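S.K.: Please work from the sequences and hints to get the whole structure.
Protein chains: 2
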Amino acid sequence: MDRPEIILAPGPTPIPPEVLLAQGSPLVYHRGPGFGDIMREVTGRLKELYRTDADVLLMTSSGTGALESAIQNCFSPGDEVLVPVAGFFAERWASLARAYNLTVHTVDFEWGQKVDPARIAEALAAHPGTKAVLLTQSETSTGVIQPIQALAAVANDAGVMVVADVVSSLGAVPFAFDEWGIDVALGGSQKALSASPGIAFAAISPRAWGVSKTATNPRFYFDWAAYAKFAALKDPENPWTPAISVMQGLQAALRLYFQDGVQAAMARHQTLSIAVKEGAKALGLDLFGEGLEDNWTVTAIRAPEAADADVICESIRRDFACVLAPGQGPLKGKVFRIGHFGYFSELDIIRGLSALEMTLGSLGHPVKPGAGVAAAETVFMERR
Amino acid sequence: MDRPEIILAPGPTPIPPEVLLAQGSPLVYHRGPGFGDIMREVTGRLKELYRTDADVLLMTSSGTGALESAIQNCFSPGDEVLVPVAGFFAERWASLARAYNLTVHTVDFEWGQKVDPARIAEALAAHPGTKAVLLTQSETSTGVIQPIQALAAVANDAGVMVVADVVSSLGAVPFAFDEWGIDVALGGSQKALSASPGIAFAAISPRAWGVSKTATNPRFYFDWAAYAKFAALKDPENPWTPAISVMQGLQAALRLYFQDGVQAAMARHQTLSIAVKEGAKALGLDLFGEGLEDNWTVTAIRAPEAADADVICESIRRDFACVLAPGQGPLKGKVFRIGHFGYFSELDIIRGLSALEMTLGSLGHPVKPGAGVAAAETVFMERR
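In the order they appear, the protein sequences are chains A and B. Counting from 423, one number per residue, gives the positions in the first sequence under our numbering. Counting from 423, one number per residue, gives the positions in the second sequence under our numbering.
One copy or two, it doesn't matter: identical chains are merged, so the pair holds either way.
Here are the simulated BS3-like cross-link-like pairs (lysine-lysine), alpha carbons at most 27 Å apart as the crow flies:
1) K656 to K756
2) K754 to K656
3) K651 to K754
4) K756 to K790
Worth flagging that the hints you see were computed from the coordinates, not collected in a lab. Nothing here was measured: the structure is a model prediction, and the numbers come from that model.
M.R.: Here it is, written out as structure tokens:
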């Protein structure tokens with residue numbers, strides 16, 4: 423286990439050397455001008471990524487902590503929320519809302535399906551007391567990118583707030599906070615941006631700020647008002663001591679990301695996604711999930727007859743130090759997942775596909791050596 | 423602001439190069455054997471530091487997040503708690519408890535006083551419905567180490583739970599979770615251990631686990647049961663993606679700490695504390711707070727007539743890149759604070775005292791150049 427593993431999971435991702443150096447550099451004290459500069463730069467770039475003029479707050483936690491901040495700051499016990507459930511992370515929204523005694527209306531889809539906006543519109547009509555929909559843009563458990571622009575439109579038509587988990591999609595696939603009428607969107611440092619985990623983001627619309635003033639759910643560490651107060655200082659700060667080193671790395675990661683630019687990053691994610699999908703198909707594997715052409719963050723692949731998906735993940739990690747992600751919930755053992763957002767080049771994908779075809783071969787799945795790699799190369803050459 | 427600043431504040435502290443390298447190394451994926459090894463080692467060493475056989479959980483947040491976890495997991499709305507208040511961090515306990523609709527009985531002391539166990543015993547007798555006392559071992563705002571062994575004894579006599587903020591004291595001054603009858607103690611990575619901020623700890627007694635089973639305060643990200651479940655895996659994990667890089671650094675920091683050993687670290691903190699205090703006195707400054715001989719974490723110093731404390735902090739930072747901490751609350755402008763726990767050597771203190779005497783001189787306070795340094799050197803030579 424001592425060699426660095428090749429992480430092909432949907433976050434954390436491999437961390438670029440520039441980011442490692444930044445997070446391994448002496449700490450910038452978290453109160454005063456030096457850290458204020460970092461806060462300003464990171465917040466500014468995130469606003470660009472969110473495509474918003476709204477406030478973006480930075481919290482020290484995983485993405486789940488940021489999701490909880492939305493439940494705490496926007497709602498009171500008994501408030502009705504609607505959650506379309508088509509995977510593990512949508513279920514997390516429902517669990518979180520229930521933990522805070524909200525009334526949760528779920529609209530259930532099969533795992534792997536795209537959420538149908540028409541069914542959400544019907545559900546909103548059936549539950550006119552609903553205050554918000556809780557959405558998941560990248561349902562990482564299935565690889566599916568949900569149509570949250572259309573879902574937000576339906577919610578806005580019904581006068582209902584839109585709260586979106588964009589943890590594993592922000593920076594990977596198109597998103598537009600202001601234009602799409604989103605009220606709250608929660609992101610994380612360790613996904614498409616290839617920083618280390620530890621910092622989460624919340625973009626907050628004026629409507630959400632308004633709602634937060636009267637929401638009675640208890641909160642302290644994730645109290646948005648405290649973050650806003652400290653972010654408004656001449657040298658912006660966090661209310662509590664933040665994960666300074668992770669912030670330093672995030673600053674470096676955003677510089678790398680914006681060096682190429684948002685469009686280039688998205689195009690890269692799309693190309694890598696197509697290459698992984700074509701490579702898997704060339705190995706005789708079936709892909710999982712609807713809307714494959716949109717799913718640029720992670721590809722879910724059905725395990726072949728020869729091997730359980732968990733066995734594939736264990737074997738490839740043991741033999742090639744490649745970390746893939748196993749299936750979650752009802753997909754455990756049935757699918758495995760390859761992440762392809764963040765700091766990945768074409769050759770990282772080639773490396774992963776090569777390890778996959780050798781692993782499948784050793785597990786008894788019939789593969790022609792190099793077939794997956796060849797399919798990916800063809801994609802890369804065509805899209806250059 | 424580009425040169426690394428010399429942090430002499432009470433956390434974060436300067437980070438040792440070994441720790442910087444570890445947190446700047448490629449990430450160990452957070453699910454599986456590699457990270458399991460880190461979890462086991464870090465948790466084991468922390469138990470030794472806490473002097474406990476109880477569970478120690480690791481959360482990605484600041485110390486304040488860990489404090490909130492105690493309020494969420496141990497209490498229900500309306501529960502009565504008692505908080506002795508003698509500074510900023512004790513007030514934070516009271517605010518946190520009020521945010522969760524607990525009934526808070528405060529026993530107020532002047533900032534800088536030691537909390538008197540007899541008054542706590544009286545207050546517990548006057549409020550027989552009290553479920554817990556919320557204590558602060560190192561009241562960082564005043565430099566005072568509170569007598570929490572005696573306070574815990576009083577609480578235990580009254581059959582009341584003991585919840586202790588040891589964020590800035592764990593590893594700096596003596597503490598014994600099991601022997602002193604503590605139920606919950608919350609710590610942080612960025613204090614005496616000299617790791618980067620981002621990881622907080624909770625030690626939890628069997629009694630506190632019992633109470634958590636029926637406590638109804640809402641919780642999710644900080645739900646101890648989730649942490650315990652994932653910590654019990656063959657390869658221990660976190661329930662949510664943790665600040666992996668900070669954990670890697672914390673592992674390295676604990677190795678350094680235990681190389682010398684707990685007793686050596688405590689003795690060092692004591693010596694550095696005495697040197698700072700003697701140095702300040704030799705500069706004609708008055709020290710703030712009771713029980714100076716016990717206060718090994720941070721020294722609070724009254725500003726002289728010549729200069730406001732905030733001006734001293736700003737000047738020394740601007741001129742010498744030395745970060746001291748300003749006064750908080752009613753002490754703002756009146757005291758400044760020098761932290762001396764963590765990765766500090768004798769010469770780091772000399773450097774800080776030299777910067778302080780030059781700064782005071784330039785602000786018009788009469789100093790004999792070298793007087794503070796000489797007093798500190800004398801302390802170091804005597805205690806070798």
